[in-house]
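Asks: Sequence:
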Amino acid sequence: MDEQLITLLVDKVVSDVSFWTALIGLGGVVIGALIAIIGNVIIYKMQNKQQVTIDEARKELLNKMLSDSRFSEGRSLETLSKVTGSQLDECRRLLIGIKARGFTLSDGREGWVYIKNRPLSAQ
4 MDEQLITLLV
14 DKVVSDVSFW
24 TALIGLGGVV
34 IGALIAIIGN
44 VIIYKMQNKQ
54 QVTIDEARKE
64 LLNKMLSDSR
74 FSEGRSLETL
84 SKVTGSQLDE
94 CRRLLIGIKA
104 RGFTLSDGRE
114 GWVYIKNRPL
124 SAQ
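The opening position of the sequence shown corresponds to residue 4 in our numbering, with each subsequent residue numbered one higher.
Treat the hints as calculated values from the structure; they're not laboratory data.
In this text, a Cβ means the ideal position worked out from N, Cα and C, and glycines have one as well.
Be careful, since some hints might not be right.
The calculated DSS-like cross-link candidates involving lysine-lysine, where the alpha carbons are at most 25 Å apart (straight line), are [stated by the list, open to error]: (1) K119 x K102; (2) K48 x K62; (3) K62 x K119; (4) K15 x K67; (5) K102 x K67; (6) K102 x K52; (7) K67 x K52; (8) K52 x K62; (9) K85 x K67; (10) K102 x K85; (11) K48 x K67; (12) K85 x K52; (13) K62 x K102.
Computed Cβ-Cβ distance ranges for the label pairs, DEER-style [as the list claims (entries may be wrong)]: (14) I118 x I45: 32 to 40 Å; (15) G105 x G28: 55 to 63 Å; (16) R73 x N43: 53 to 61 Å; (17) G100 x S124: 57 to 65 Å; (18) L123 x D71: 35 to 43 Å; (19) R96 x I38: 29 to 37 Å.
Given only the sequences and the hints, what does the whole structure look like? Please build it.
Replies: Structural data, given as structure tokens:
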């Protein structure tokens, strides 16, 4: 074999090795990205499921509190929030979800009651 043919063969082998190395690297990047995306989706769904479970338990508790006949005029937001272990804004969101409305109690505090018990026309 002459030197030119050997050089040509070596260049071809190096070119082929570079191509396959790049292709394998690209495959690794794609697989890694897919694993990261799937992992993030799974984590998001698990966290969301946990939050939904907590929200449902809090809504059930809010329903019991607003249904208590001893408090037909409504309950204060502070009490509802403390009992459910939620922040004020979170408690408001949950109360709206169970068809309750806010109003001002006689002592000036924020109160909540079912809309059916105190329609919006009644202030």
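Asks: Determine for every hint whether it applies to the structure shown.
Replies: Structure-based check of each hint:
Our distance criterion of 25 Å between C-alpha atoms is met by K119 and K102, whose separation comes to about 8 Å. Proximity of K48 to K62 is assessed by CA-CA distance (about 21 Å); at most 25 Å being required, the pair is judged to hold. Straight-line distance between C-alpha atoms of K62 and K119 comes to about 17 Å, which keeps the hinted pair within the 25 Å bound. Proximity of K15 to K67 is assessed by CA-CA distance (about 78 Å); at most 25 Å being required, the pair is judged violated.
Note on K102 and K67: the hinted pairing holds, with a Cα-Cα distance of about 13 Å set against a maximum of 25 Å. Taken as a hint, the K102 and K52 pair is honoured in the structure, with Cα atoms around 22 Å apart against an allowance of 25 Å. With a CA separation close to 23 Å, the supplied pair K67 and K52 stays within the 25 Å bound. Distance check on the hinted pair: K52 and K62 sit about 15 Å apart at the alpha-carbon level, within 25 Å; holds.
The straight-line distance between the Cα atoms of K85 and K67 is roughly 14 Å, inside the 25 Å bound, and the hint therefore holds. Taking the CA atoms of K102 and K85, the gap is about 20 Å. The hint holds against a cut of 25 Å. A threshold of 25 Å between alpha carbons decides the hint, and for K48 with K67 the separation of about 29 Å lies outside it, so the pair is violated. At most 25 Å may separate the alpha-carbon atoms for a hinted pair to count; K85 and K52 meet this at roughly 23 Å.
For the hint pairing K62 with K102, the CA-to-CA distance comes to about 11 Å; that is within 25 Å, so the pair holds. Range check, I118 to I45: about 38 Å between beta-carbon atoms, so the 32 to 40 Å window is met. Judged by the Cβ atoms, the range 55 to 63 Å given for G105 and G28 holds: they are separated by roughly 59 Å. With their beta carbons about 47 Å apart, R73 and N43 fall outside the hinted range of 53 to 61 Å.
For the pair G100 and S124, the beta carbons lie near 22 Å from each other, so the given range of 57 to 65 Å is not met. For L123 paired with D71, a C-beta distance near 22 Å fails the hint of 35 to 43 Å. A C-beta distance of roughly 35 Å is found between R96 and I38, which places it inside the suggested range of 29 to 37 Å.
Hints 4, 11, 16, 17 and 18, counting from the list given before, are not met by this structure.
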